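Please put together the full structure from these sequences, using the hints given.
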Amino acid sequence: MFTGIVEELGEIVRLTEGAEDSAVIAVRGPLVTSDARHGDSISVNGCCLTVIDNVDGVFTADVMGETLRRTSLGVLKPGSNVNLERAAALGSRLGGHLVQGHVDGVATIIAREPADQWEVVRFSLPPELAKYVVEKGSITVDGVSLTVMEVTGDSFAIGMIPATSKLTVLGGKAIGDPVNLEVDVIAKYVEKMLGSRNV
1 MFTGIVEELG
11 EIVRLTEGAE
21 DSAVIAVRGP
31 LVTSDARHGD
41 SISVNGCCLT
51 VIDNVDGVFT
61 ADVMGETLRR
71 TSLGVLKPGS
81 NVNLERAAAL
91 GSRLGGHLVQ
101 GHVDGVATII
111 AREPADQWEV
121 VRFSLPPELA
131 KYVVEKGSIT
141 VDGVSLTVME
151 VTGDSFAIGM
161 IPATSKLTVL
171 GGKAIGDPVN
181 LEVDVIAKYV
191 EKMLGSRNV
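Just so we're aligned, residue 1 is where the sequence shown starts under full-length UniProt numbering, counting upward by one.
If you are wondering where the hints come from, they were derived from the structure by calculation, not from laboratory data.
It is possible that part of the hints are untrue.
[Said to hold, decoys possible] The calculated lysine to aspartate or glutamate pairs, modelled on EDC-like cross-linking and capped at a C-alpha distance of 16 Å, are:
(1) Lys-173 to Glu-11
(2) Lys-166 to Glu-7
(3) Lys-166 to Glu-8
Computed from a prediction, not measured in an experiment: that's the story for all the values here.
Encoded structure:
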């Protein structure tokens, strides 16, 4: 479980395709690897990956074909920056919202509009996720916990403050770039519970 508060901008060192539908990713992140052990979870652009090993500030993780197909990890290259977050520790503050690191879909940036002290960024909204996205609700974009400002039928907008722009990969993304989305898991549980009621 994560909070969506990015701890560090990491860098892809290598992405090695496996013999079958898989890859091994190596990521440099001195902060998140400072206490990482085999089996720990680290969020990479919102994808929960399991640490295989950790050597000199670089951790490696296996990435299944399912993850490569359903996320934007497959388009990363050596030198790409990524958002990194270690799993939340019990007893610490929950600064964002409950984030699983299970990507629900990929969107693209469709507009960036500078404002006075922030920037309005608009993303496409995959139709199958639209019912889970509400104004003033939480959404995770590339592992960043954000508040939805506005929702239309096929897009949503967030207000990006300077800290988010500076400390995450979202600041350097351009129109047309893909991003990973994770909707609020509570909405999915509520839908399932209500759908199972005999009304």
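Going through the hints against the structure:
Between Lys-173 and Glu-11 the alpha-carbon distance is near 15 Å, which keeps this suggested pair within the 16 Å criterion. With a C-alpha separation of about 12 Å, the suggested pairing of Lys-166 with Glu-7 holds against the 16 Å cut-off. For the given pair, Lys-166 sits about 11 Å from Glu-8 by alpha-carbon distance, which is consistent with the 16 Å threshold.
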